Amino acid sequence: MIETRNLTKRFGHVEAVHEVSLEVRPGDRYGLLGPNGSGKTTLVRMLLGLVYATSGEISVLGQRVPRHVSRVLPDIGALIEEPAAYPHLSGRANLRLLDAAGPHGARRTRRRRVDEALEQVGLGGIDRRPVRNYSLGMRQRLGLAAALVRRPRLLILDEPTNGLDPRGIRDIRNLLIDLNAAGVTVFMSSHLLPEVAALCTRIGVIDSGRLVLQDQLAALQKPTGRVLISTNDPERAVAALDGLVERRDGEDLVVLSADPAALNARLVRADVPVRSLAVQRRTLEEIVLDVTGAGSDQFGGDVARGGTTPHTPREEDVARGGTTPHTPRGEEL
Amino acid sequence: MIAVELFKLVRRLRTWLSIGLICALPLVVAIFIAVTHLAPPPGQGSAFLSAVLDEGQLYPAAALALVLPVFLPVTVAVIAGDSIAGEASAGTLRYLLARPVGRTKLLVAKLLAVITFTLLAVVAVTVTSYATGVFILGPSRAAAVGTSPGGISGSIAPGAGGGPTAGLQAGAGITSLSGTPLTFLELVERVLGAMAFITVSMLGVAAIALFLSTLTDSAIGAAFGSLGALVASEILVTLNAASAVQPYLPTRYWLAWIDFFRQPIFWRNIDRGFAIQAVYVVVFLAAAWANFATRDVTT
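So the protein lines, in turn, are chains A and B.
The numbering of the first sequence is the numbering used here, which starts it at 10 and goes up by one.
The numbering of the second sequence is the numbering used here, which starts it at 17 and goes up by one.
These aren't lab readings, by the way, just hints derived from the structure by calculation.
Everything numeric in this text was worked out from a predicted model, so none of it was measured.
A virtual CB, placed ideally from N, CA and C, is assigned to each residue, including glycine.
Just to be clear, a hint being listed does not mean it is correct.
[Said to hold, decoys possible] A short list of chain B residues far from chain A (calculated; beta carbon distances all over 10 Å):
{"no.": "1", "residue": "37"}
{"no.": "2", "residue": "40"}
{"no.": "3", "residue": "51"}
{"no.": "4", "residue": "85"}
{"no.": "5", "residue": "90"}
{"no.": "6", "residue": "203"}
{"no.": "7", "residue": "208"}
{"no.": "8", "residue": "212"}
{"no.": "9", "residue": "234"}
{"no.": "10", "residue": "251"}
{"no.": "11", "residue": "263"}
[Stated by the list, open to error] Partial pick of chain A residues on the chain B-facing surface, computed with a CB cut under 7 Å:
{"no.": "12", "residue": "57"}
{"no.": "13", "residue": "59"}
{"no.": "14", "residue": "60"}
{"no.": "15", "residue": "61"}
{"no.": "16", "residue": "79"}
{"no.": "17", "residue": "87"}
{"no.": "18", "residue": "93"}
{"no.": "19", "residue": "109"}
{"no.": "20", "residue": "111"}
[Stated by the list, open to error] Simulated DEER-style distance windows between Cβ atoms:
{"no.": "21", "chain 1": "A", "residue 1": "134", "chain 2": "B", "residue 2": "18", "range": "32 to 40 Å"}
{"no.": "22", "chain 1": "A", "residue 1": "36", "chain 2": "B", "residue 2": "19", "range": "35 to 43 Å"}
{"no.": "23", "chain 1": "A", "residue 1": "124", "chain 2": "B", "residue 2": "147", "range": "39 to 47 Å"}
If we strip away everything but chain B, and leave its shape as in the complex, we get (with noise of 0.2 Å):
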């Protein structure tokens, strides 16, 4: 079952499509820096992104950044959204649990079919991306320019430890947030690390769109219902009365894979990151679950 819906995801224009949509995006960023040389200033804008005129070899972490907010959970919510929605409305869904497919079997396919599609947008991101930041913004030009104090930290507010001054040691390739030169084997370990954590941070969405998709035959419905529980998580992470519930919120951890761009890596936020996700994948998958399983299927 799992084979059958990973085929039916890569046989679907939809799911290239998006994934195209989304490594576009970071590729025009890419050709307005290195075309106007303006780089948004260090502490503004999307993460890493100050810094990637000075090593393009980092824009893989500048691209994911700048995916991450928007594009990323959308396409993931409507997909997600899709799943079981999709297969009622399309009349398929009854055919399938007649073959038969487990309910439950079917569910947790759906679900590894979605977090099979975010590690495909993560990787084509990142792999696209390290190419756009090699050929068009060029490899360690900090070294030859050798301006820009601190190379990329000052994208990110609350660094641990380092800061502007420790700057750039000349030709010695890329230096983590902390100011200490990572050797090009760490970078790699970091950028999979982050691109696992992002994968991860996706999975809430998906449990809730998920989930959504059991109640609804419409899959437009379910991926907005997860979008709308989205912004308002974004929402509520930002504003300071709500601090109570913050540590809850889907999207409260999601920019913590920058933390694997320090050095040490700083585990404390990643490793809630990685809690919360799996406390929605446990509640929503169980609650879509003990929905679907119950249900009349009528379509």
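Excised from the complex, chain A in its bound form (with noise of 0.2 Å):
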């Protein structure tokens, strides 16, 4: 769907991006991974043909971009940064209008078009109220209304659930979800480590405009051949265990081996009260922060050092609402 080959940017002297070689297959749901600043945005942008690249090839929907970039767009449904309308226009209107600015928007099914939309993204009810009156979130999903007018095959979106609330993400996420179900690819780009790893198959991580890292999620999700387990009495379970514990931290035991199953049944039979048991797996959180630097926001050292941090920020797992497709910790019972 989109393939590039050592794709470069400079702007002056500063290079964006630096030889990206990326592929997203048909039917991915590609995760773009990076800190800010590391070039994401001056991807998506050369992906649609806004920012022309310096050097290397990008193919898009099996076109050429950007020479061929006005054959693939009309497939292509985008967000890039954040939404933008007209203020003094309603939502309904500002989808018209820009449905009717390009071609492949037939006249007939415009508005049934544009309704549907809105619908999708939990705007159908909508006022005619102009979009300065909009609240962020609801300009965000107006935005993603937008690319999805024309029902495009391939999604490129830039920070998709930016200013939504907690229902608002999961919406959008369960939406974007059922989309990839019924064919439709897409590509995302974010920052937020637990949206991209409940919505992505597939992720890319870019650090200071190269591509570091790029494979199945489920794949760089492994079990670590640890089970985490916790336990009322761990002395007992230490002893029951005979050696595989790695570490102990209070009643958290840390315990090499390959099948929880049968780690579970000894547990069991020595009757040790077993609270949790869980396979270790690396979160999305450790696999992005241990390929790449600081972001271009932040200046001078590590601001808490101390190795990668073990979990996911609190805010974002709240964040995150209740109904996670797969955790990003494990699989916790």
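The task is to assemble the complex, starting from two chains supplied on their own in separate frames and drawing on the hints.
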């Protein structure tokens, strides 16, 4: 769907994107991660023909970009940084106007497509108030609706859940998963790790303009060969597990084992009361922080030393909402 | 795309506000003249203004002469300067281009929208000032009063033939600047010609502002830049030392529309005026295209 080869972009002396070769396959939900200023937005703009590459090649939906970008853009829905609309017009008028501006938006179906797109993003019942009176979340939903009006095959979304509340984030995530199931390939950039972890099947990590990692999320998060156990009786647990315990921290144990079921059976046989038992996986945060440096908005040394943080921050957990398809932290019991 | 630009134009409050303001100036002037009966003496002040007390139906011409030097170019510069820069700073430019709207197409649509605006403004001024002329200044007062020799001619110095002595033929309606009478149909034709010429005269400003609009993301900057060019041009036009470049200045033939009111129509400067505006449009639209088509859109 999207393929870039050795894509490089220089703005004057600043190299924003360096030799990026990324691949988005049909059906992917691809998450492009990277710190602020790492080149995500420049990359997205190059895919859409807004910014011209200094060198390298881009192919989107089988066509060379930017040369044939006008052939593929009708099949792409895009959200580029924040959404934008004419503030004095209503959301509906904005969508109709944008649809009328370019080719391949049949006038006959325009009204219906616009209404459908608004429905999809949860703005179906919106009144005629001008966009200037919209809240941040409503603007974001409108921007997504604008990307959906032409029923695209490929969605290129820069920070799609920006400004949404937890319910909005969940709605949009479910919408993107549904669209993906219906055959739409989703390419999104984000720096919200829990968002990407909850939504994407494949990730790319960009740092200082370089693509430092690209793989299926499931492969990156395969079990580490350790099991995390919490128990009321750590002494007996350690005895029962007989040398497998790698580390003990109060009532929490890190146990070397690739077979959590056997481990559990053993603890039950030894009559150890287990509170929780989980296969350890690397969190997306660990994966990303492992391969990236400080973002361009940080100057000087690391803010808080002490290696990579083991857990995702609390507030992001809250923001993730209730029904995550797969949590980044492993299968907790 | 052109329809979309026109829709955007008519749905913006700014469009109607500026047209309203443009129409208001001649109205205010007419009220003052009607109340005081003090029109500027022939040869002074704005073109045609000395004549309107005698002939209210000529007020559209006087009104156009009033708004041409400042009001009209300022609004045209503001709207043309906003065309790309405004979309860029609002963020809508990237969505239009990703829609996709071709960059060349967008530029042409923007220029057409500006032309439409100019035309709207000129028509609005003509219609409102005709009404003003007829209702406030009254029709053909000259025939009744019978003073003011020469009718309108005095206000424009380089008259071709005729002259003040030709005078007004009582009851014959409107006279040309050359002194010969014009039928109402001829007057309408000539007013239409003048409207077309004035609209075209604004193309140079519009093209310069549009070009600047592709250079910067600041709509105000583009508008002021083009107005700066205009002011410079207006200064040079009056400067004898600059006579070498005067034929190429965008404002050089701005007043040539007055020649539509001569009998017969004095085409030389009118033709040159059309030609110079065409050159400005071609040059600056090409420059705008060259810049915009290869530019990274990062806003």
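Practice item. Any hints from earlier that this structure breaks? Give me their numbers in increasing order, please. Key: Violated: none.
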